[in-house]
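Q: Letter by letter, the chains look like this.
There are 4 protein chains.
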Amino acid sequence: MSDIEELTQAIRQFSEERDWDQFHNGKDLALALSIEAAELNEAFLWKAAEDVDINKVKEELADIFNYALMMADKYNFNVKQIVLEKLKKNAEKYPVEKAKGSAKKYNEL
Amino acid sequence: MSDIEELTQAIRQFSEERDWDQFHNGKDLALALSIEAAELNEAFLWKAAEDVDINKVKEELADIFNYALMMADKYNFNVKQIVLEKLKKNAEKYPVEKAKGSAKKYNEL
Amino acid sequence: MSDIEELTQAIRQFSEERDWDQFHNGKDLALALSIEAAELNEAFLWKAAEDVDINKVKEELADIFNYALMMADKYNFNVKQIVLEKLKKNAEKYPVEKAKGSAKKYNEL
Amino acid sequence: MSDIEELTQAIRQFSEERDWDQFHNGKDLALALSIEAAELNEAFLWKAAEDVDINKVKEELADIFNYALMMADKYNFNVKQIVLEKLKKNAEKYPVEKAKGSAKKYNEL
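Protein chains in written order, with our numbering: chain A, 1 to 109; chain B, 1 to 109; chain C, 1 to 109; chain D, 1 to 109.
Just so you know, nobody snuck in bad clues.
Label-pair ranges, simulated between beta-carbon atoms: (1) Glu85(A) - Val96(D): 38 to 44 Å; (2) Lys93(A) - Pro95(C): 48 to 54 Å; (3) Val96(D) - Asp21(A): 39 to 45 Å; (4) Lys88(C) - Glu17(A): 40 to 46 Å; (5) Glu108(C) - Asp51(D): 31 to 37 Å; (6) Asn107(D) - Glu85(A): 20 to 26 Å.
Residues on chain A that point at chain B, a partial pick, calculated with CB under 10 Å: (7) Ser2; (8) Glu6; (9) Gln22; (10) Asn25; (11) Asp28; (12) Ile35; (13) Ala48; (14) Val52; (15) Ala62; (16) Ala68; (17) Lys86; (18) Ala99; (19) Lys100; (20) Gly101.
If you are wondering where the hints come from, they were derived from the structure by calculation, not from laboratory data. The C-beta atom is built at its ideal place from N, Cα and C for all residues, glycine as well.
The shape of chain A in the complex, shown without the other chains (with noise of 0.2 Å):
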């Protein structure tokens, strides 16, 4: 079983438990993970970068990761294969060639 696999298991057997499954809709799951996704950059609000708390970064990007994959599970993605698909087509939207070096949009390069 891949690391992928065993998180999605260990992440659905904590939510069968305790009976969460009837508020993990789509839309709700997209929320929670938005909202987390907030938490986490609370922890570098009105500061530099390197002056952010790790644990609190750790803390909140576990927070994501769990959201996010509970929403690969309930569709049935596979998560290795959506994100290298993902990988190829923003290769394609960002070349080398162009995009090197720029942080521009690709419909502004």
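Based on these hints, arrange chains B, C and D on the given structure of chain A.
A: Positioned in the frame of chain A, the structure of chains B, C and D alone reads:
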């Protein structure tokens, strides 16, 4: 090599080829992640969960994994470990006997 | 009529003409507001604050006011009153003598 | 003095008394605004819109107005003007005859 490591390496290579590491401080990575989370949420806006375009969910979720893995790589977090640790913590905050069937926050249980 | 009432009426009329009230439940309005907030943040992504495109800030901030005023209208909040009340509450959470010159959260002061 | 000016002055004074202007660059203000938007969304998480706690909505919406007004003040935007201008733009993107009764984005109409 685990699947998480494999994804991390593919993402790292993508970024190195474009010389994008210079932009990837923790604060902006967190910001990018929350912007992708908002795009995921946009897929559900003004709709019931079941009317969502699954392809859009797939792409936006892939972007979220992309930045979450970059962030974990930047801070040298072991994704498997931090997620399992957080599940343990959550199990203490949400004991089965109290949390079962309830969507309340731990401080309201 | 105050300027806030004037804006509220213009926004209400815009929505009524398009028969959009049916979509504007509180949950989706809040979601729309956070999506606009993410677009405002995108203007600052990978950049120092001073390199931002002011026109983009202006447009995204206008969208945020738009949804915030719709939300206030939906719940019959008096914007002036709720903002002044919150300032009062914040003044108690952040007394000048403790909070002066500090970016800490009230529970860390 | 209009309502918006009055609120802007009260907010400015609150911040000056605490010497907080040093933290209020545009990038962090935008970040703070999106964190408050996430807190507003949290009020609706795992719930139908009608089960929300109105008081929580009120407080989080007040925080959003607070940062939105700070942001407008920082960039010297006239709130009334930028909102009315954006409504005009939106009226062009969403002409009544096309947009009536539809929740589609302008590029899908």
